[in-house]
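Please build the complete structure, drawing on both the sequences and the hints.
Protein chains in written order, with the numbering used here: chain A, 1 to 539; chain B, 1001 to 1304; chain C, 2001 to 2306.
Hints were generated in silico from the structure; no laboratory data involved.
Computed from a predicted model, the values in this text were never measured in an experiment.
No residue lacks a Cβ here, since even glycine has one placed at the ideal position from N, Cα and C.
Quick list of the computed label-pair ranges, beta carbon to beta carbon:
1) A:Glu346 <-> C:Met2152: 53 to 63 Å
2) C:Leu2016 <-> A:Gly20: 19 to 29 Å
3) C:Lys2158 <-> B:Pro1169: 39 to 49 Å
4) B:Thr1232 <-> A:Glu346: 41 to 51 Å
5) A:Gly20 <-> B:Pro1169: 55 to 65 Å
6) A:Pro300 <-> C:Thr2018: 44 to 54 Å
7) A:Gly311 <-> C:Val2040: 50 to 60 Å
8) B:Val1110 <-> C:Thr2102: 30 to 40 Å
These stretches of chain C come out as covered by chain A in the derived footprint (C-beta under 8 Å, 3 or more residues):
9) 2192-2198
10) 2206-2214
Listed below are the simulated BS3-like cross-link pairs for lysine-lysine, each with C-alpha atoms no more than 25 Å apart in a straight line:
11) A:Lys151 <-> B:Lys1205
12) A:Lys92 <-> A:Lys139
13) A:Lys335 <-> C:Lys2193
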Amino acid sequence: MADHLLEVRNLSVTFHTARGPVHAVRDVNWHLDRGEVLAILGESGSGKSVSASAIMDLIDCPPGEITSGRILFDGRDLLTMSREERRHINGKRIAMIFQDPLSHLNPVYTVGWQIEETMVIHGTSRQEARQTTVDLLRKVGIPDPEASVHKYPHQFSGGQRQRLMIAMALALRPDVLIADEPTTALDVTVQAQILALLEELQRETGMGLLIITHDLGVVAEVADRVVVMNAGEIVEAGEASEVYHNPKHPYTRKLIAAAPGQGEMSSGVEEGAPLLSLRNVSKRYGTFEALKGVSFDLMPGETVAVVGESGSGKSTTAKVLLRLEEASGGSAIYKGRDLFTLSPRELYEMRRDIQMVFQDPTQSLNPRMSVYALISEAWVIHPGIVERSRWRARVAELLEQVGLLPEHMYRYPHQFSGGQRQRIAIARALALEPQIIVCDEAVSALDVSIQAQVIALLDRLQDELGISFIFIAHDLPVVRDFADRVIVMQGGRIVEQGDVRQIFEAPREPYTQALLAASLDPDPEIQAERRARRLEAAE
Amino acid sequence: MRQFLARRAVASLVSLAFLVIAVFFLSRLTGDPTDLYLPVDASLEAREQFRQLHGLNDPLIVQFWHYLKDLAVLDFGESIRRARPALDVVLEAFQWTLALALSTMALVTVSAIVMGALAAFHVGGVFDRIATFFSLIGASAPDFWIAIVAIVVFSVQLGWLPTSGTGTPLHWVLPIAVLFIRPFGLILQVVRGSMITALGSAYVKTARAKGVAARPIIFVHALRNAMLPVITVIGDQLAGMLNGVVIVETVFGFPGIGKLMIDSILQRDFSVILASIIVTAMAIFIMNLLIDMAYAVLDPRIRY
Amino acid sequence: MVQTTPLREARSKGRLATTWSLLCADKFALAAAIILTIVVLCAVFGPMFLGEQASHQNLRGRNAPPFDLAKGWLYVLGGDQLGRPLLARIVVAAQNTMAIATGAVLASMTIGGTLGLIAGNSRGRAGQIIPRLADVIMSFPSLLLAVIVLYMLEPSVKNIIIVLAITRIPVYLRTTRAEILEIRERMFVQAAKVMGASEFRIVFRHMLPVILPTLITIATLDFAFVMLAESSLSFLGIGIQPPEITWGLMVSQGRPYLTTAWWLSFWPGLAIILATLSLNLLSNWMRVALDPQQRWRLEIGGRKNG
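Now the structure itself:
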């Protein structure tokens, strides 16, 4: 029954760690045919990349151990082949590209050398390899390919580096290309370009493409079939649109329900006196202008989302507002005072009112402090909020408020999962009973299902406590269900701002339109429509 | 590049100036050479004449001025002890130290890199255990003790190797062996750590996915990336050696710069002390430049 | 279920017990700790009990060979060139050896650490000048400095401590500064700043606990280094002068008798090796034990895993 190009049968992989064996995948079955795009969908820790690592012989034994199964490629079992035989398949017949192309390219060799190497180790002459490399670079859309072969990886942009990886992988026209989260580290508009390039190359060469992703939108955009994984097991498999519209397994249903951008949009808060007004805020680093005249208002109880790609100045806005960096010009009026000109004493008072939740809770929580110490530190710094005798009770209360248990206060951050840590960070911000909380990419590092829970938590806190949020994100759908107003930034400037309905339903500026068009919808049908429209526009 | 060179040169000159001033005045605080070189019953005239001859009668600051004036025309003064130009005395001693340091470090570098790379490839394996053992010994063993135990065993008991001097290649075996231990253990540890990081890196994963074989992965893909911290430590160790390896020079009767420096302080031979400091500082400056160039050659992201 | 024991008490009691169990998990570290405890006990009580025997000359015991119990247990390691029992002398010499190393390490760690903290946190002139200070000290051949200073001043325990401390300051200064520069940008420091924490609080509550394990690990390693440096000075005859003794000086004093009585130099050298080896092993253990992310390696017990 060797009719599939690549077939994984009953694969189980165990990792022997100090804390005992971890069953990374259990009894996994899937197959890939020529000319087909298969997606493996899963959250972190689901084991979605493990079968790909097994195919590429990237699992180190120990600590990893393939306990059962077969991987049939063209009818031959890869797992019974010698190292040497597998080396001849890697790169030549099965190639792989990864997330974060910068660290996956060797920094000390030219990109030309690295692409040539793939061909040379599989028997092409140096001369021929050099010629082919230039053609490959041209094909994946690298400008000035003749000069580019002599450059080093750090001289390219993120999107270009992923194009280089693709060129390297496709050098020998492999039968199978495995792409592990190929667009996760990239901006949405770049992501759309890379996915389009992969689709185009796949159609052209007829190879089988395996995409490993956590993003329903990527599945909808490229996949013919999808395999959904959770906790090391396949929970569901089938045609991409069939799985999306008729999910059978509760986990798949939960995952689809958690995808951002499907809920009711806010109709905004009442107009009134703003709580905080930014006027003409600018920030320069030397000659580089990170912020150019940013102005917006925040109403009491309102959520303003600031959206933009990397380098748009959205995080700088947060830093300047919280005085982690000093603004170069402009003002931020809060309760009749300009935040930028406060004395140290006044600044200390202001800290109570404006709090921040950071992107990565692993880094924003001091690893050497217990949860109790982390939260109660707020009251050490600002005595008078809570009496010392009530600290323990109040910490317990806050933990319950963010959905944790009171006894968690004796633990340390590394004993929690990523989502739980972000809850601790939120509890810490709440300890000061602030008026405004600035969330800097507060959910970007979290899995989709956790993301939805944290946003629901923030939403609930806003209803209960009337807190205003400034919510910074790089992805539009994430803010759709949560924001009252949206500000779109690009290159340090506000491109467009308006109510959430207006931005999503009738964006005025081309950049906002482009952002919306590039962000992927989890529904394969909608995505297919968009793709058709895009192709039409291109012709 | 030129700007970088200029900045480095200025920084080194400032350090050197500090050093020369400090040593000039500090060394003169140790006492008057006259008491050391003339017999106790020497006449006052004889003492006066000695002082006059070596310019010791002027106020300190005037002596310093004279010294600087001579230095400007590359005159390093005269050794009181040896009645020869100080620079000649120093260069003669320095060439021995330089030869010893360079040959030892060449051996250390090659063996530590090979051994460290192998240890990193199989963490916990045989090579790794041997490497850990050597690192511990290197950091723990008192070199003077190793040196005298080695003399007892290899020279006195077994009679294989000469105890001191520089005459034949055999004379170099023990000094190099003793000098080898400490930097070898240290650099081995750095290579191992750096290689473990490099072998676990994402670009090595890419290379494996491309089908690159194990040996080029270690020695082509990983090693070049792992070399930067290693080069830093090699530079530090070599700089330390160029300042003299007093213990080894003393125990093995090796006429190097380290022993010369110590002796000239004890003999209040001021010109020789200052000349040795300036010569070693120049050598270290040149070596640091070579190290910086090695960085730039190894890593294209570094540009000066 | 809310715990009733006060938090702090429970934690401090737990910490001692945890340290002990972590130490037992690493046999080498345990042996090292035992050896160091013995050395410290010798250093503290040795001169009190054996001080007299160690300086008592006995012409019949000159260069007495080791392992001969006829002259009493103190001569088990043999006698020196003046017939003094080597064992007693090694025990007594532990005091000066340890005192110098302890003094130099504590002084350089405190001064270097403080300067590093200041340099790392100051964006002003201090942040630029202090690292230069380290460069200047580093460019000074350390042995040369020692010889000059000890030739000018008398080579007493105090002066040797000062000389060694000065040469080791750059190690702590540079490490602390580099760590602070890195930690300053970490998110939890920014989070504390957003809460309104004072500069003082950020340094002592958030930064210091993070770099302290690194400093202590380096200090342990440096303790071995300083011991070796002191021994080298004494060996060259510019360190401690007789009748005071250190292990390094004992090795030096035995050198003329190498061919006839090897044990004069051998035993004190072995004492140095045992102490420095123990310090190195203990430092390796600390690197793991003091890091919450690494500690599990010891917690899971003796099982070795790649």
